[in-house]
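*Asks:* The residues making up each chain are set out below.
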Amino acid sequence: MSRLLALALIWLACTAAAPVKLITDISQSRIDIIYTFKGAELLVFGAIQYANGQVPDEPPGLAVVMRGPAEPITVRKKARVAGIWVNTRSARFESAPGFYAVATSKPIAKLVDQRTATIWEIGVDSLQLSPTGNATPAETEEFEHGLIDLRRRNGLFAEHEGAVGISQNILYRARIAIPSSVPVGSYTAQIFLIKNGEVIAQSTSPVEIDKSGFERWVFVAAHNHALAYGLAAVAAALLAGWGAGLVVRRT
Amino acid sequence: MNIYLPIAEMSVNVLVIIGLGGLVGFLSGMFGIGGGFLTTPLLIFYGIPPAIAVASAATQITGSSVSGALAYWKRGGVDVRIGAVLIAGGVVGAALGSMLFKLLQALGQIDVTINIIYVVFLGTIGGLMLREALAALAAQKAGQVAPTRMRARNPLVTSLPFKMRYSESGLFISPLAPLLLGVATGILTAIMGIGGGFIIVPALIYVLGMPAKMVVGTSLFQIIFVTAVTTLLHSVQSQTVDIVLAILLLAGGVIGAQFGVQAAQKLPPERLRLFLALIVLGVAARVAYGLTVAPSELFTIYAA
Numbered sequence: 084m085s086r087l088l089a090l091a092l093i094w095l096a097c098t099a100a101a102p103v104k105l106i107t108d109i110s111q112s113r114i115d116i117i118y119t120f121k122g123a124e125l126l127v128f129g130a131i132q133y134a135n136g137q138v139p140d141e142p143p144g145l146a147v148v149m150r151g152p153a154e155p156i157t158v159r160k161k162a163r164v165a166g167i168w169v170n171t172r173s174a175r176f177e178s179a180p181g182f183y184a185v186a187t188s189k190p191i192a193k194l195v196d197q198r199t200a201t202i203w204e205i206g207v208d209s210l211q212l213s214p215t216g217n218a219t220p221a222e223t224e225e226f227e228h229g230l231i232d233l234r235r236r237n238g239l240f241a242e243h244e245g246a247v248g249i250s251q252n253i254l255y256r257a258r259i260a261i262p263s264s265v266p267v268g269s270y271t272a273q274i275f276l277i278k279n280g281e282v283i284a285q286s287t288s289p290v291e292i293d294k295s296g297f298e299r300w301v302f303v304a305a306h307n308h309a310l311a312y313g314l315a316a317v318a319a320a321l322l323a324g325w326g327a328g329l330v331v332r333r334t
Numbered sequence: 074m075n076i077y078l079p080i081a082e083m084s085v086n087v088l089v090i091i092g093l094g095g096l097v098g099f100l101s102g103m104f105g106i107g108g109g110f111l112t113t114p115l116l117i118f119y120g121i122p123p124a125i126a127v128a129s130a131a132t133q134i135t136g137s138s139v140s141g142a143l144a145y146w147k148r149g150g151v152d153v154r155i156g157a158v159l160i161a162g163g164v165v166g167a168a169l170g171s172m173l174f175k176l177l178q179a180l181g182q183i184d185v186t187i188n189i190i191y192v193v194f195l196g197t198i199g200g201l202m203l204r205e206a207l208a209a210l211a212a213q214k215a216g217q218v219a220p221t222r223m224r225a226r227n228p229l230v231t232s233l234p235f236k237m238r239y240s241e242s243g244l245f246i247s248p249l250a251p252l253l254l255g256v257a258t259g260i261l262t263a264i265m266g267i268g269g270g271f272i273i274v275p276a277l278i279y280v281l282g283m284p285a286k287m288v289v290g291t292s293l294f295q296i297i298f299v300t301a302v303t304t305l306l307h308s309v310q311s312q313t314v315d316i317v318l319a320i321l322l323l324a325g326g327v328i329g330a331q332f333g334v335q336a337a338q339k340l341p342p343e344r345l346r347l348f349l350a351l352i353v354l355g356v357a358a359r360v361a362y363g364l365t366v367a368p369s370e371l372f373t374i375y376a377a
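For the protein sequence lines, the chains are B and X, in the order given. If you're matching positions, the first sequence starts at 84 in my numbering and goes up one per residue. If you're matching positions, the second sequence starts at 74 in my numbering and goes up one per residue.
Just to be clear, a hint being listed does not mean it is correct.
[To be verified] Here chain X is said to cover these stretches of chain B; the calculated rule only asks that three of the stretch's residues, wherever they fall, bring their Cβ under 8 Å from a Cβ of chain X:
(1) 116-125
(2) 306-317
[Stated by the list, open to error] List time: in silico BS3-like cross-link candidates among lysine-lysine, alpha-carbon distance up to 27 Å:
(3) K339(X) x K214(X)
(4) K193(B) x K278(B)
(5) K161(B) x K175(X)
(6) K104(B) x K278(B)
(7) K236(X) x K175(X)
(8) K160(B) x K175(X)
None of these hints come from the bench; they were simulated from the model. Glycine included, C-beta positions come from ideal geometry on N, C-alpha and C.
If we strip away everything but chain X, and leave its shape as in the complex, we get (with noise of 0.2 Å):
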């Protein structure tokens, strides 16, 4: 069953589409990721223009993270006043994204630097979780309680000035540091279509001290704002959102996260992360294969 995509101007499949959205939807629901990192790469694979699968996926991290914000908005695990400092830098990451991603279009290098980001981000990611995961379950081997970490503060951030309290999250730090970090992953947000959960969740542990409670529901939150403002810009801008492509994204992702969230009660927590750190890489591995291999096919086209 083939639909034609409006903005992308091409027949695809529904079924590959929504299957896509499907096997997102079943790993983000059984690992609590957003998972753009996968659809964006997984839809230029299938032959969506770059440029169009990027904006759309924003527009399906959109979607796909309010029910999740919503649960955890209803529990108190969302820190409003850190979400909206790392919203107003995720809107200026957004813009300075955009704007990036146009001259970068126009120069003919924005695949390349899509590739390359993706290379660099999801290794170290994955290399650092997939460390994690062997220490958390060697540990477990040997018998012993895998060690929490200790909240940590970092140096550099508790010496930014015009600190405030966060009472929600029993927190005294300067609103520089999110405002930072929302910045960087804005940028994130509009040159490679995703939300950028798995650089705000171990940031905001791991750099802010952030208690784990309230850090999935604040990253969420602050997803869904940012991600709506990458669809705004890119749809003034560019006009690169296909409406059509998100929804089938949604519906398939909708579905599959359910399975996800059903086999993750079936696995302990430290295989999930490994297998995590292993899909990360694996897809660091996949894209970084395709920058170095010779390409099939040496000339592209583009408008004007």
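The following block holds chain B by itself, in its conformation from the complex (with noise of 0.2 Å):
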């Protein structure tokens, strides 16, 4: 019996001492891109667990970050040479994000400091894309701009800002939104609790995106059996270029 109750005793003690906790869930922890896939939507939601069960009066703040692997890229940039747009100057970039999205629950601006952002990585502006090679830093800079820009319009960096949807200040809730040009590999959603700018709390969660049936088979073929797929890929428009003309000629 006093055995129970010390571990009760125990128990309390710990979770007055617990630290304010996140758990997340996902929609889905597996996106199959098949022949039909058209890009999707991922449901990113969660409650937050307070110390002592003291749920605050004001609502928490809060950042949900979907981000996709991330890769070497270069960046060119066209100019007019001799009355043509040429690719001239460029800039490299080693760790550029294939998919960036994060959903707030208000403006980025309102929710974290410059300092934080730039830790977390909160916020497209604040993305650490390990520029390299001998550009100046504004150089660098307006590259960065240009590759933020594009994947803007690309639908591959996104900012939801307000988008986080709160209830009882317990609940939470994000919708973040994948194109259909989505690269492949393996994701990460991330949420930060904060609190006066601060990260107080964070969670990860894994979310893979591959092709699924047909699609990855086409897709692994091509790349592991070059030769055989260059073979089968002229067997099949032989194949069906010959078939549709004696199709053709019967009706």
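Mind assembling these two chains? They're in different frames, but the hints should get you there.
*Replies:* Structure (structure tokens):
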């Protein structure tokens, strides 16, 4: 009996001291790209477990960040040379995410200070793209803007300020749109609980985006058995052209 | 109705792609051309990455040339020996072209190169065709019979060594001439995603002096092989052949070609050539405009 009481006391003590916790789930932990894929929408949702179960009166600050695999890229800029537009200058970035979307409970500038935004990469302007090469800071910034602007217009970078819905200051949910041109790979959803501009809790959930079925089969064949794929492509084109010719002549 | 292309990694509207194939097929049925010079720029305008547009258009041309080539073959309209020399040159050209493609891609200059080549070639050939078509129409109006062009013997070609007899076409020429022609078109196939018929056909007639009844069949015969080799090269070197895209284009192309053939029978050939010249010049003008006007997007992103 006394042992049970001691356990209960310890549990109470723990919950009392326990920091605030974020519990998260995602509507899908895997997105299969099949032939009908037109993009997807992920619902990131969960609850905030407050210390001592004391729910504050004011709504919590939340940021949901979904990011895709980072890869090295080259950004090129066109300029007019002898009347035509040609790629002239370029800059290299070692770790540009192929997809980055952030949803927040209020405007990013009001949610976090610049330092916190940079540490946790909250907001597209706070991404650490790791520029390399001997470009001047001004040039690097110009190319960064170009990159971000282009990816934003393709839906691959997105900021949804105020898009995190909160109920009873405990439950939260955010929808993240995934466009069809999204790169495949391992994604992560990071959820940040923010108070006074500082991150006080966070949680991370993985999401796999991969081609599936016929799409995956074709992609794998093209990359792992390139010659066989090429021969099959030629055979398919010849057969289709020949067969279609026959059908059309009959009718 | 959308479909996700496994290699281009994007969702496209099936009906738009089939319609695009159909439009090009209609024109190719009408004018007896492969139409690659229209397919590739149209795919790029639609948003398909240029490298994938070029490679997949080559695959589509392989398929769309088969039934025509077979029909000419049955009629004895294919000079296999000259065709083989053209193919040998074409394979070398395709290999050179795909290496050049890779190099230009690494330098970031592939798009502008493709466009400049388009403007130069389509502008030149469209201009020549327009002049000829207008002259033929004017001659017709004046009540004269359009002068049939004499089979030309280019002095440069006749002076080449190692002459051989090609009995099917009644030619006695050096194989170096068709070999070089093959190399030139092979390079264009690999870089631009075109069959090159609009270059081979006039070259065979006016430079080599081949009889007209053998020209189209021989050209189609060589196009099948060179585009097939190009498909293989792109598959192995850059994995840019999207078979789903090629098959969709092919489906539209076969249907469109039938309507094109019917439409062609209702129009006099001089008119047809005039229309074709205007379309070729139109594409050249559109590409030239795209090169000179300030692009809406100055930046482009390349992996690695």
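*Asks:* All the hints need checking, so say for each whether the structure fits it.
*Replies:* Evaluation of the provided hints:
no.: 1; hint: 116-125; in the structure: holds (count 7)
no.: 2; hint: 306-317; in the structure: holds (count 9)
no.: 3; hint: K339(X) x K214(X); in the structure: holds (19 Å)
no.: 4; hint: K193(B) x K278(B); in the structure: holds (11 Å)
no.: 5; hint: K161(B) x K175(X); in the structure: holds (20 Å)
no.: 6; hint: K104(B) x K278(B); in the structure: holds (13 Å)
no.: 7; hint: K236(X) x K175(X); in the structure: violated (36 Å)
no.: 8; hint: K160(B) x K175(X); in the structure: holds (20 Å)
Violated hints amount to a single one, hint 7; each of the other numbered hints is respected by the structure.
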